[in-house]
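Protein chains: 4
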Amino acid sequence: MKFGMVGVNGKMGKEIVDYFTSMGDELVLRVDTDLEDISGTPDVIIDFSNRSALEKTVELCTKFSCPLVIGTTALTEDDFTLLRKLSESVPVVQSYNFSEGINILKAILGKFGQYFDNWDCAIVETHHNKKKDAPSGTAIMLKNALGKELPISSLRIGGVFGEHTVVFANDGEVVEITHKALSRRAFSIGARKAALFSLTKKNGFYSFSDVISESLRG
Amino acid sequence: MKFGMVGVNGKMGKEIVDYFTSMGDELVLRVDTDLEDISGTPDVIIDFSNRSALEKTVELCTKFSCPLVIGTTALTEDDFTLLRKLSESVPVVQSYNFSEGINILKAILGKFGQYFDNWDCAIVETHHNKKKDAPSGTAIMLKNALGKELPISSLRIGGVFGEHTVVFANDGEVVEITHKALSRRAFSIGARKAALFSLTKKNGFYSFSDVISESLRG
Amino acid sequence: MKFGMVGVNGKMGKEIVDYFTSMGDELVLRVDTDLEDISGTPDVIIDFSNRSALEKTVELCTKFSCPLVIGTTALTEDDFTLLRKLSESVPVVQSYNFSEGINILKAILGKFGQYFDNWDCAIVETHHNKKKDAPSGTAIMLKNALGKELPISSLRIGGVFGEHTVVFANDGEVVEITHKALSRRAFSIGARKAALFSLTKKNGFYSFSDVISESLRG
Amino acid sequence: MKFGMVGVNGKMGKEIVDYFTSMGDELVLRVDTDLEDISGTPDVIIDFSNRSALEKTVELCTKFSCPLVIGTTALTEDDFTLLRKLSESVPVVQSYNFSEGINILKAILGKFGQYFDNWDCAIVETHHNKKKDAPSGTAIMLKNALGKELPISSLRIGGVFGEHTVVFANDGEVVEITHKALSRRAFSIGARKAALFSLTKKNGFYSFSDVISESLRG
Chain A
125 MKFGMVGVNG KMGKEIVDYF TSMGDELVLR VDTDLEDISG TPDVIIDFSN RSALEKTVEL
185 CTKFSCPLVI GTTALTEDDF TLLRKLSESV PVVQSYNFSE GINILKAILG KFGQYFDNWD
245 CAIVETHHNK KKDAPSGTAI MLKNALGKEL PISSLRIGGV FGEHTVVFAN DGEVVEITHK
305 ALSRRAFSIG ARKAALFSLT KKNGFYSFSD VISESLRG
Chain B
125 MKFGMVGVNG KMGKEIVDYF TSMGDELVLR VDTDLEDISG TPDVIIDFSN RSALEKTVEL
185 CTKFSCPLVI GTTALTEDDF TLLRKLSESV PVVQSYNFSE GINILKAILG KFGQYFDNWD
245 CAIVETHHNK KKDAPSGTAI MLKNALGKEL PISSLRIGGV FGEHTVVFAN DGEVVEITHK
305 ALSRRAFSIG ARKAALFSLT KKNGFYSFSD VISESLRG
Chain C
125 MKFGMVGVNG KMGKEIVDYF TSMGDELVLR VDTDLEDISG TPDVIIDFSN RSALEKTVEL
185 CTKFSCPLVI GTTALTEDDF TLLRKLSESV PVVQSYNFSE GINILKAILG KFGQYFDNWD
245 CAIVETHHNK KKDAPSGTAI MLKNALGKEL PISSLRIGGV FGEHTVVFAN DGEVVEITHK
305 ALSRRAFSIG ARKAALFSLT KKNGFYSFSD VISESLRG
Chain D
125 MKFGMVGVNG KMGKEIVDYF TSMGDELVLR VDTDLEDISG TPDVIIDFSN RSALEKTVEL
185 CTKFSCPLVI GTTALTEDDF TLLRKLSESV PVVQSYNFSE GINILKAILG KFGQYFDNWD
245 CAIVETHHNK KKDAPSGTAI MLKNALGKEL PISSLRIGGV FGEHTVVFAN DGEVVEITHK
305 ALSRRAFSIG ARKAALFSLT KKNGFYSFSD VISESLRG
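Protein chains in written order, with this note's numbering: chain A, 125 to 342; chain B, 125 to 342; chain C, 125 to 342; chain D, 125 to 342.
Simulated from the structure, these hints should not be mistaken for laboratory data. A virtual CB, placed ideally from N, CA and C, is assigned to each residue, including glycine. Honestly, I wouldn't trust all of these hints.
Claimed, not checked - Derived pair list, reagent style DSSO-like, types lysine-lysine, alpha-carbon separation capped at 30 Å:
(1) C/K138 to C/K235
(2) B/K209 to A/K267
(3) B/K187 to B/K235
(4) A/K135 to A/K235
(5) B/K254 to D/K267
(6) D/K267 to C/K317
As the list claims (entries may be wrong) - Cβ-Cβ distance ranges computed for the label pairs, FRET-style:
(7) A/T324 to B/P275: 33 to 39 Å
(8) B/K209 to A/I264: 50 to 56 Å
(9) B/L274 to C/N327: 55 to 61 Å
(10) D/E273 to C/N327: 38 to 44 Å
(11) D/Q238 to A/D142: 46 to 52 Å
(12) D/E273 to C/T186: 36 to 42 Å
(13) A/G134 to B/E300: 57 to 63 Å
(14) A/G164 to D/D142: 29 to 35 Å
(15) C/N327 to B/E300: 34 to 40 Å
(16) A/S333 to D/N253: 26 to 32 Å
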């Protein structure tokens, strides 16, 4: 597919371009601060930059009448209003976390968490020592998927990209479910899956969970 | 509850008596080779011995008109016929593995395995060095729950009671689901859950999966 | 060897008798509260009870002029004075932790900890939910072996017997050193090693580290 | 420091330039196929390319009379002869693996492996599915450091950069020592340590073990 990348010089932008092109896709639109380079008509536009770029992104999707996959974080209510309006004419896939694994984990905990009702439960998460917040947003999301309070241990060491383990234990056995992100590749794979998904839709506002569910029925 | 134990001198028999009585249950019927000691009317009979005891077990369940929880392995077709006949008058819960965790794992893999269709997958299982067979029956069961071929690595070291890990990985992330049995307690907890389940039934032939599913609806 | 067991009815006493006899040793002296049963002359006496039994234990070692292996915890200065006096006539092996693995770990950290000076470091320890104190005494001992402050995460879940992981990480790599006690067997193996060691000595006060070091030179 | 990079366009070359410059070093000499760009006098030259570049590398070190840190693999006897000759006039640090962690692991196993003589032992190593050989060269190196035969399980899944676990187990306990390389950063950190080491030497042929040992005494 031909794709456009907003935030093309950011770390995640570079990674997405790297992965998409390695899969045979063609980069035809590059946008970043002080940069707008259009060399073809995109089938889809990807935006992993920040909300200051949103207006430009929406303008481009409208111009090319193409879907948007957006992983920008910290969106406001106004931003969502803008995106929902865009989704009336083209497909928009929005998520704060495009990792397939984390989304599957969330689904497993939501479905099977109740089986562990009489077990003890804890979460251990490990991230690099540059990460300021603890516990991680993902750990909180997993706790919420389980729907109960539980202790979360946070380790901040070295360059660990991101690991989350949910441990269940009773007197006789232990079940551990672990997710490890190896690199940003975890998110570019999910972003491409979302892009391919968006190509099959006319319009609408979608989450990454919709993408994963669809991939099963497809 | 008042319970009877067939195979009361075996390792698993001792463990079950230990656990059940620690939970307030009363042992009123003890059976083993050359032993039959009845001091009360059992609400349920547990049999974790071997198939040579089966006839006696069925006779006792019939006599007391009480449910049977049976974890005896290597049952023959004839044995199953006998058990099914018994189940017409009392509840019978039969399983080769009363570990809750392993049964939940099996259910997770059956339900979510397809989400990992494009991921690589492998199983690593570790058991004590006395275990002769490899891969373990449980590893094969987990593989079957996934419904596809995959490499299984078997470690036989020291006194490790039993660990199974299913690993999924793609280019960007890894998901690991691990079960560790800490001791025979893993199975006695499940056996007691099955016993409590059987007390709520009139008759019928049940698996341990039925017990787990019921515990959710209950 | 012929051995005596003080605290023969305690959990650790039972385990030690179980393991020693499985290795061909003969139990010839049994002591516990209100129990003293001597059926032979012990080559060594093992005491894993509590300090109230110490006087009796010392009396018996003196009577039979045999070594003592003592794993009793919470000894006072007076108790140590008593033991050191005994060690003038017979060998005494004293330790608060007879796990070989933990003692090897301690030695590894003492020797190689400095190699990780520029790495981040943390300890994660997991024990059963009956354990009251956190962090565990062993975790503190491992921290002291490293000789620096570091965060310790403590999980108290289910029936986990005891696990300790020391994690080192820099920007590019992670080294984890983990010890798992599977059961009390961890300590009875060490106690027997100490007993065999004591048989080769005339007298003296020894630690479990001495036993491990000796086993290498022998 | 000012450094030169041979193989500057290779994956490892880019990573080393990225890391060294992030630490304040200045790249003053860039060499690759059809590329030779010298903008200053290097304090040290790093070569992580392939043996076809070796002659040029040696020529440059001689010209600038500066140390060489070389991580090129598959060197021949002739190549080593060339390097040893160079090391008569400048320091040369040569290794096939510049990971600090792996080298520390090797040292731990060499020193403490004998403590585990009566334990079972196995190695599990996991790498990405592009890796052709199994077991990994590093796994074999760790086995050799232990000096005995043992089973090695090799997993080839997804994009896992490289993990090695040595497991020891007896009837009562388990000790696991694990190394995980998170990315190429594992090797650039080691290469820079070697570069700084080389600046303190007049001449001589050194291994990465020499670098690590020195860093302790320093």
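Hint check:
no. : hint                         : result
1   : C/K138 to C/K235             : violated, 36 Å
2   : B/K209 to A/K267             : violated, 46 Å
3   : B/K187 to B/K235             : violated, 41 Å
4   : A/K135 to A/K235             : violated, 34 Å
5   : B/K254 to D/K267             : holds, 24 Å
6   : D/K267 to C/K317             : holds, 27 Å
7   : A/T324 to B/P275: 33 to 39 Å : holds, 34 Å
8   : B/K209 to A/I264: 50 to 56 Å : holds, 54 Å
9   : B/L274 to C/N327: 55 to 61 Å : holds, 60 Å
10  : D/E273 to C/N327: 38 to 44 Å : holds, 41 Å
11  : D/Q238 to A/D142: 46 to 52 Å : holds, 47 Å
12  : D/E273 to C/T186: 36 to 42 Å : violated, 48 Å
13  : A/G134 to B/E300: 57 to 63 Å : violated, 30 Å
14  : A/G164 to D/D142: 29 to 35 Å : holds, 31 Å
15  : C/N327 to B/E300: 34 to 40 Å : violated, 52 Å
16  : A/S333 to D/N253: 26 to 32 Å : holds, 27 Å
In the structure shown, a violation is registered for the earlier hints numbered 1, 2, 3, 4, 12, 13 and 15, in ascending order.
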